[in-house]
Amino acid sequence: MRFALFPYASALLALALPAWGENLTDHVQTHGFFSHALAVTDRNQIGMAHTGRWGNMLTEAGVNTTLQASPNWLVAGQLLWRNDGVEPKKLRVDCAFVDGTLLNENGHQLALQVGIIKNPYGFYNMTRDVAHTRPTILLPQSLYHDQGRNFFLSAPGIALHGREEDGANAFTWQFNLLKPDVNSPNMVAFMVGPQNGQLQGKTSWLGQMMWDRDGGRWRGGVSLGSLSMHYQPNPTDFFGAGRFTGAGNMTLNTGVLSLEYNLERWSYTGEYSLTRQMRNSFNVPGANFMDRNSTLEEYYLQALWRFRPGWQSILRYDVVYVDTADRSGVWFNQVSGQPASQRYAQDWMLGLRYDPTVSWSIFAEVHHVNGTAWLSKLSNPPATTRPRWNMMSVQAAYHF
Amino acid sequence: MKVSQYIRCFLQQRLAQVMLFMVATLLALPSLAIEVVAHTGVTVQSLPINSARSMFGMRQLSWPDGQQVRVFVFPDRHPLHTDFCKEVLNMYPYQLRQSWDRLIYSGMGQAPIEVNSEEEMLMLVARTPGAIGYVRKANTNAVRIISIR
Chain A
1 MRFALFPYAS ALLALALPAW GENLTDHVQT HGFFSHALAV TDRNQIGMAH
51 TGRWGNMLTE AGVNTTLQAS PNWLVAGQLL WRNDGVEPKK LRVDCAFVDG
101 TLLNENGHQL ALQVGIIKNP YGFYNMTRDV AHTRPTILLP QSLYHDQGRN
151 FFLSAPGIAL HGREEDGANA FTWQFNLLKP DVNSPNMVAF MVGPQNGQLQ
201 GKTSWLGQMM WDRDGGRWRG GVSLGSLSMH YQPNPTDFFG AGRFTGAGNM
251 TLNTGVLSLE YNLERWSYTG EYSLTRQMRN SFNVPGANFM DRNSTLEEYY
301 LQALWRFRPG WQSILRYDVV YVDTADRSGV WFNQVSGQPA SQRYAQDWML
351 GLRYDPTVSW SIFAEVHHVN GTAWLSKLSN PPATTRPRWN MMSVQAAYHF
Chain B
1001 MKVSQYIRCF LQQRLAQVML FMVATLLALP SLAIEVVAHT GVTVQSLPIN
1051 SARSMFGMRQ LSWPDGQQVR VFVFPDRHPL HTDFCKEVLN MYPYQLRQSW
1101 DRLIYSGMGQ APIEVNSEEE MLMLVARTPG AIGYVRKANT NAVRIISIR
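Residue numbers (my numbering), protein chains in the order written: chain A, 1 to 400; chain B, 1001 to 1149.
Same shape as in the complex, but just chain B (with noise of 0.2 Å):
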């Protein structure tokens, strides 16, 4: 085999490797995605993040409308917590609890609510006025999805 040849088969596999990382990457996207889900009755469509920060931060409490900001949360070492914290807040998940510390022990503040599971996120954010939460994937027209930007 020459060595153009050779160079050109090893060029096409490699190609034929990248495309299919490429799009095994983009079929496992949508399941790793987060989203923040809210009541239906909160009117926004998404969130810049900043405006994220503050309402799981525990320091911006009503939503445009006036409405109370109710925070549902998963416990700090949960798997989803930690991806949530670092791909939808860009944050760690020791500076939400730090936060929420100096709030809840200077009496400044009050604590998210922690749920346990996905489904008792959903069915809480869907029955709470004001809810804000998140979730793996949200199969289900009981809650709104916001988008961060």
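So that you can see chain A by itself, here it is in the shape it has in the complex (with noise of 0.2 Å):
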């Protein structure tokens, strides 16, 4: 299904070529980014970073090349590669898209996408694996938790996006239908648990209206998406039980509303998110839980100073809670005996960032944290997790 598209991305660029002739370097750019990162607990693990000693956190690399053939036609591949010790090492296509203007003019402009088409989902999401981008090392688990992460990845699928403008406000949005890439060992344990069965994802959708006033003095914005996928259970799963079981349905309707205002030396930004999580027909015995629907909330605020030319700092306040209706896990503890820290987590940051020049970027933060409900359960077995845990991590990221 990927590479499909790059025939027909190829037949274009052919049809295309000859009108442009030697000028044809002037609408092409390639960029790129490399960014490593290490980091240490004090109980816990992230990354490969294990309790006491420093390890590596995240490696991320990429390059892209986009081809903007007119005002109306535009061409963009981007390759990810990305290890965060937990999810299998490898290279991915992050996007292989064209768009093409359906209109454009007086301040209102309609554009169609289709190929492997990045995802909007907050602030944050579209460039999630581009470390400069960021404000911190780890973006706020809360709304962009890494275990989940595939579910808002680039998918196959086709948009429709648009940019409205009237006087100092300026109104973008974007809707999105796809079918999601969401099977990996990460996204199963943290779905389904430790198993070994198959994630398939169906048909979803997710939609953006973001706004900016003044130039983005002021940004806010709306997310909304329905993610659907389709479990199957592998014979050996829940203790052998998995033969007997159907196959589990779950079903993320989420929202974000997120609001940022900017000055020239601080920024605050909040990122409220509710997801409400269905599931049916896991039928596993003696695990209703498994097919108990639950309403995730998730939320951050944080504020950036930029202190110093080159130079700022952040403080923020990052959480989640699994369930609304059971904040403290202590329901889950009993139904299922894993620790209730596996259901919340409150995160206070501080970080430290240095542009030493345009291109280069050194990131230092400290977490302190009250629960475990985003780290890997692939290299956190929930028997061996801590609820209270510090971490400090170091960065450095380059980017052309």
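Hints are computed from structural coordinates only; laboratory data are not their basis.
It cannot be assumed that every hint is accurate.
As the list claims (entries may be wrong) - Cβ-Cβ distance ranges computed for the label pairs, FRET-style: (1) B:Pro1075 to A:Ile158: 33 to 43 Å; (2) A:Gly107 to B:Glu1087: 22 to 32 Å; (3) B:Glu1087 to A:Pro356: 22 to 32 Å; (4) B:Thr1082 to A:Ser328: 46 to 56 Å; (5) B:Ser1046 to A:His108: 14 to 24 Å; (6) B:Pro1075 to A:Val63: 18 to 28 Å; (7) B:Ala1033 to A:Ser70: 30 to 40 Å; (8) A:Phe307 to B:Gly1041: 41 to 51 Å; (9) B:Thr1082 to A:Asp42: 40 to 50 Å.
Unchecked claim - If the Cβ cut is set under 10 Å, some of the chain A residues that face chain B in the computed set are: (10) Asp26; (11) Gln29; (12) Ala96; (13) Asn104; (14) Asp129; (15) Asn262; (16) Arg306; (17) Thr357.
What the hints assert, rightly or not - Counterexamples of contact, computed for chain B against chain A with all Cβ distances above 12 Å: (18) Leu1080; (19) Val1115; (20) Arg1144; (21) Ile1146.
Backbone N, C-alpha and C fix where the C-beta goes; we use that ideal spot for every residue, glycine too.
Combine both chains into one complex, guided by the hints.
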């Protein structure tokens, strides 16, 4: 499916090339990025960073090429390599699409995009794997939890997007119809637990309306989506009950409110999300909670201070509750025997960033966390986790 | 000296100082101003500030006559770029950079073209159809000056 798109892109290029002749290079751009982060914790594990010992946390590298054939045609492709110490290391096509403008006049823009497309979700999702576009090494894990990242990554689909301008206000919107690429061991662990079955994405949608005023002094928006998937158990799942159980279905209906106020030296950002998780047909004997619907609540508030040219510091409070009807996780602990701390996380973060040049960024940050909701269950078997933990992390990032 | 004479003398001195300051400011203004320049083939004389923000933000890719916009800028930390962002666009350089990065690294758009001197800016804008850029002072007829309203 993914690579079937390339012949179409190639055909479009072949049709368009003669029109540009020797000026083609003026319309092509290539950009890239590389970053590496180390971390240390006092309890629990993140990436390959163990308790009391510095280790690799995250390595990301990518390269992209765009061809802006005319104001109305854009062809784009991006490759991404990522190693978080949990997911299998692999090169993925992060996007590969053709974008055609349908309307562009008097401040009204409308365009259609087809291919492997980026999904809009909150402020940061579109460039979540590009270190220098993030304010910190780790994005707020409440909304941008890396364990559930496959939901929100680019996926094969079609998007309609546009922009409306009215005086000082500009509205940018996008609606994506997609089939999320959710099958990964980490995602299975996040949604079902440490089992061996397969997840399969079903037709889903994500939409976003962003507003900015006075060139971005105020930015705000709403993101909405409904993401569906299907879990096919392995016979060994659920202590051997997998052979008797049905295939589970999960749908996440999600919404995010985003707001940001930007000044010369200060930026204040907050996002709030509610996600209704609907589950059925698991029918695992003795584990009714597998079919229990729940509502996730996620939010963060952050203040960023540019205190000297090239320097910034940031303070953030980031919260997630996996089930608003069981914020403390006590009920979950009683019915599953697993730690209550898996069901919440409150993270205080203090960070520092220095950009010695336009292309290089150095990050450092400390986290004080209560709860383990966003830690990988693959590298942190639930029985071994400790609810209160701290982490320190540093990162170097380069882009061109 | 009577008090009234003292006050009159003080006020006259102050008035002279204020007038001197105003004249100096007026003389200094032309050298501080930044001019938005475009290729001579561009037909518009002026742009609303929101259109200028969209063009320099790489979101508005064509002129009203359909010609492709080619954006030229100075590096992020160049004093002229900082002044341009603040005085012409009423934005901060980091906001433009974030806007460009969101487009570049999602594949949704391209970066503007960077130049390193006003001579290079004027030369490239003059010879690139659809070009838009900015300089401290455009003492040439090779480019069109566009007012931002």
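The hints, checked one at a time:
no. : hint                              : verdict
1   : B:Pro1075 to A:Ile158: 33 to 43 Å : 37 Å, holds
2   : A:Gly107 to B:Glu1087: 22 to 32 Å : 23 Å, holds
3   : B:Glu1087 to A:Pro356: 22 to 32 Å : 27 Å, holds
4   : B:Thr1082 to A:Ser328: 46 to 56 Å : 50 Å, holds
5   : B:Ser1046 to A:His108: 14 to 24 Å : 20 Å, holds
6   : B:Pro1075 to A:Val63: 18 to 28 Å  : 22 Å, holds
7   : B:Ala1033 to A:Ser70: 30 to 40 Å  : 34 Å, holds
8   : A:Phe307 to B:Gly1041: 41 to 51 Å : 45 Å, holds
9   : B:Thr1082 to A:Asp42: 40 to 50 Å  : 42 Å, holds
10  : Asp26                             : 8 Å, holds
11  : Gln29                             : 5 Å, holds
12  : Ala96                             : 8 Å, holds
13  : Asn104                            : 6 Å, holds
14  : Asp129                            : 8 Å, holds
15  : Asn262                            : 6 Å, holds
16  : Arg306                            : 7 Å, holds
17  : Thr357                            : 9 Å, holds
18  : Leu1080                           : 15 Å, holds
19  : Val1115                           : 14 Å, holds
20  : Arg1144                           : 19 Å, holds
21  : Ile1146                           : 18 Å, holds
The structure fails none of the hints (numbered hints given earlier).
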